[in-house]
Amino acid sequence: MVLNELKERYDKNNEVKFKLFSLEYVIQKNDNGVEVYPLLYSNRKNHYSSLEEALNYYTIYNESIIENIDRVILL
Numbered sequence: 000m001v002l003n004e005l006k007e008r009y010d011k012n013n014e015v016k017f018k019l020f021s022l023e024y025v026i027q028k029n030d031n032g033v034e035v036y037p038l039l040y041s042n043r044k045n046h047y048s049s050l051e052e053a054l055n056y057y058t059i060y061n062e063s064i065i066e067n068i069d070r071v072i073l074l
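Here the sequence shown is numbered in numbering that gives the first Met the number 0, starting from 0 and rising by one per residue.
It should be emphasised that the hints constitute simulated quantities derived from the structure, not laboratory data.
Since we're looking at a predicted model, the values are computed, not measured.
Among these hints, one or two may not hold up.
Claimed, not checked - Label-pair ranges, simulated between beta-carbon atoms:
1) 30 - 62: 24 to 30 Å
2) 61 - 12: 24 to 30 Å
3) 11 - 61: 26 to 32 Å
4) 27 - 63: 15 to 21 Å
Note that beta-carbon positions come from the ideal geometry of N, C-alpha and C, so glycine has one too.
Produce the entire structure from the sequences given, and follow the hints as far as they go.
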């Protein structure tokens, strides 16, 4: 459920913000693909070629976003 809404917001706005555990994160589309980063540490941007890759390979506490999708709170 959250995964579908996350993808819809990303497709509509080219960006989605969410909270997972204690931090807020941003996934945004850029010219070269997708960037994922925590809002507090915006200089620590990770780059991926697609949204699917970002969801599967960006890790928070050694677990991917997709593994914690039930804990994601969309902002």
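Tested hints:
The supplied range of 24 to 30 Å is met by residue 30 and residue 62, whose beta-carbon atoms lie about 29 Å from each other. Checked against the given bound of 24 to 30 Å, the beta carbons of residue 61 and residue 12, roughly 29 Å apart, stay inside it. Our hint of 26 to 32 Å for residue 11 and residue 61 holds, since their Cβ atoms are close to 31 Å apart. About 18 Å separates the C-beta atoms of residue 27 and residue 63, a value consistent with the hinted range of 15 to 21 Å.
In the structure shown, no violation is registered for any of the earlier numbered hints.
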